[in-house]
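Asker: What follows is the residue order along each chain.
Protein chains: 4
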Amino acid sequence: MKRIKEMLDAHPGEIKVDIDILANCIQECFDTAQICDICADACMGESDAQSLIQCIRLNLICGDICEVTGRMLSRQGGRDLILKRNQIETCIMASQACGNECRRHATHYEHCRLCAEACRRCEEACSALLRAVPVSV
Amino acid sequence: MKRIKEMLDAHPGEIKVDIDILANCIQECFDTAQICDICADACMGESDAQSLIQCIRLNLICGDICEVTGRMLSRQGGRDLILKRNQIETCIMASQACGNECRRHATHYEHCRLCAEACRRCEEACSALLRAVPVSV
Amino acid sequence: MKRIKEMLDAHPGEIKVDIDILANCIQECFDTAQICDICADACMGESDAQSLIQCIRLNLICGDICEVTGRMLSRQGGRDLILKRNQIETCIMASQACGNECRRHATHYEHCRLCAEACRRCEEACSALLRAVPVSV
Amino acid sequence: MKRIKEMLDAHPGEIKVDIDILANCIQECFDTAQICDICADACMGESDAQSLIQCIRLNLICGDICEVTGRMLSRQGGRDLILKRNQIETCIMASQACGNECRRHATHYEHCRLCAEACRRCEEACSALLRAVPVSV
Chain A
1419 MKRIKEMLDA
1429 HPGEIKVDID
1439 ILANCIQECF
1449 DTAQICDICA
1459 DACMGESDAQ
1469 SLIQCIRLNL
1479 ICGDICEVTG
1489 RMLSRQGGRD
1499 LILKRNQIET
1509 CIMASQACGN
1519 ECRRHATHYE
1529 HCRLCAEACR
1539 RCEEACSALL
1549 RAVPVSV
Chain B
1419 MKRIKEMLDA
1429 HPGEIKVDID
1439 ILANCIQECF
1449 DTAQICDICA
1459 DACMGESDAQ
1469 SLIQCIRLNL
1479 ICGDICEVTG
1489 RMLSRQGGRD
1499 LILKRNQIET
1509 CIMASQACGN
1519 ECRRHATHYE
1529 HCRLCAEACR
1539 RCEEACSALL
1549 RAVPVSV
Chain C
1419 MKRIKEMLDA
1429 HPGEIKVDID
1439 ILANCIQECF
1449 DTAQICDICA
1459 DACMGESDAQ
1469 SLIQCIRLNL
1479 ICGDICEVTG
1489 RMLSRQGGRD
1499 LILKRNQIET
1509 CIMASQACGN
1519 ECRRHATHYE
1529 HCRLCAEACR
1539 RCEEACSALL
1549 RAVPVSV
Chain D
1419 MKRIKEMLDA
1429 HPGEIKVDID
1439 ILANCIQECF
1449 DTAQICDICA
1459 DACMGESDAQ
1469 SLIQCIRLNL
1479 ICGDICEVTG
1489 RMLSRQGGRD
1499 LILKRNQIET
1509 CIMASQACGN
1519 ECRRHATHYE
1529 HCRLCAEACR
1539 RCEEACSALL
1549 RAVPVSV
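If you're matching them up, the sequences are chains A, B, C and D in order. Heads up, the final residue of the first sequence is numbered 1555 in the working numbering, and it's a clean run with no missing numbers. Heads up, the final residue of the second sequence is numbered 1555 in the working numbering, and it's a clean run with no missing numbers. Heads up, the final residue of the third sequence is numbered 1555 in the working numbering, and it's a clean run with no missing numbers. Heads up, the final residue of the fourth sequence is numbered 1555 in the working numbering, and it's a clean run with no missing numbers.
Treat the hints as calculated values from the structure; they're not laboratory data. Incorrect hints may have been included.
Copies of one chain are not kept apart here, so a pair can be met inside one copy or by any two copies together.
[Unchecked claim] In silico DMTMM-like links for lysine to aspartate or glutamate, alpha-carbon gap of 25 angstroms or less:
#1 Lys1434 - Glu1535
#2 Lys1420 - Asp1466
#3 Lys1423 - Glu1542
#4 Lys1420 - Glu1542
#5 Lys1423 - Asp1436
#6 Lys1423 - Glu1535
#7 Lys1434 - Glu1528
#8 Lys1423 - Glu1528
Since the model is a prediction, treat every value here as computed from it, not as a measurement.
Please model the complete structure; the sequences and the hints are all you need to start from.
Answerer: Have a look at this one:
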């Protein structure tokens, strides 16, 4: 999170939310994107990959959505706040769906356990950001 | 759209919406993603790029969101329908925001005019898909 | 390809290669990216998905590489020609690897047959672009 | 890097290179992708954004290439080693091109200074990985 916060501190735009909450959310989005991607590939390498197909699909969907949410939050521009709220909400839903599925496999597969944890952190960081941004625009 | 429809026809999953509406929406999402990306780069090449910064930012945001929406819609998996609805709604918002901004520059820049048109088509295709999918899940 | 060519025509930058060859390559990169992504998901939906894991992995790798190559080629900027050549070469390798794997399943799965065709078109379009760009920079 | 290394440790595939070098490279690719993206947006927010257009373009190209390289390296599959080498080389070129441009603005803009540093770290991590992987396949 340190590097992202340094970049946001150096950004000339006015950032209207608590910068620690924003930096943490961006970081968790990107971390979860990467972890989901590796979890998908790890699931494919298991001898019973067939039974992990739903997990792989949710990993891929969640990874894509976390990544685009992280990118969007990295970009300033105050006029598009409703759009951003909606994208963050989608990211929460994706993290919940993927986290729930990974949790089912967590006792068998360490990568699923780690991924479920990442999804929970991402969900919490997105929820904290939603609470921190102004409701009306 | 022909190629995407062929792929969806060859997909073993049960597709619960009108396949033409789905294929058209995926295609418009990806087309708009590409056009937004080129519009951003074209804006940067204009001698008054400084006055087009808001347009460039919205191009990049809209391009990213259209692309991830197209990818998500390309993937089957019936349990995540609310998530998909939410992502489609975000894509409509992004297309509106980017289209409105591009339209302001449409008389000066052909790339903005073409991009505004693409955003309108994407918005319509996403709205048509939202109407076609079942409301409850 | 028509829409991408229109956008390139409207771009203020000087495009140093044949614009039809460039537009065709960008289009094939993006089309193949989408088709690879759908093929990956379709493979996951087959009852013997386990035997298609290598195909799914190559679909995902090829899809990512085709997409980033299409994006990079959509962006002008003359100084980075060696970098672009190298990325196009990687895209050719990815299309060959994915196409070869898909071809093995083409008689069983129509989505693999269509994907193998897309990979071949992408490989040809990238090769044509490599021949069209100046060798030295 | 800790989280990525944990995921690679939990991956069932045989990883043929030093896992610390691989995890470090993946992490630097993703970190640099994020920092490039924020640098592009920060440059757009500067009052002389017009003079930073080349920097913005290279930020976007480098960000895309770092991200796809990180994703590709997160995925196992031994048969595609030449392809991976080539993508890593492209990532080195992109990091050099972007880092050199950012360095020119480093005394004026802290975000460019931080981005130039990230690009250098990414270049070094990619070079270290290239040295660690077997030359022939």
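Asker: All hints, please: hold or fail.
Answerer: Comparing the hints with the structure gives:
no., hint, in the structure
1, Lys1434 - Glu1535, "neither (29 angstroms within a copy, 27 angstroms between copies)"
2, Lys1420 - Asp1466, "neither (39 angstroms within a copy, 27 angstroms between copies)"
3, Lys1423 - Glu1542, "both (18 angstroms within a copy, 23 angstroms between copies)"
4, Lys1420 - Glu1542, "both (19 angstroms within a copy, 20 angstroms between copies)"
5, Lys1423 - Asp1436, "within (11 angstroms within a copy, 30 angstroms between copies)"
6, Lys1423 - Glu1535, "both (23 angstroms within a copy, 15 angstroms between copies)"
7, Lys1434 - Glu1528, "between (39 angstroms within a copy, 20 angstroms between copies)"
8, Lys1423 - Glu1528, "between (30 angstroms within a copy, 12 angstroms between copies)"
Comparing the model with each numbered hint stated earlier shows that hints 1 and 2 do not hold.
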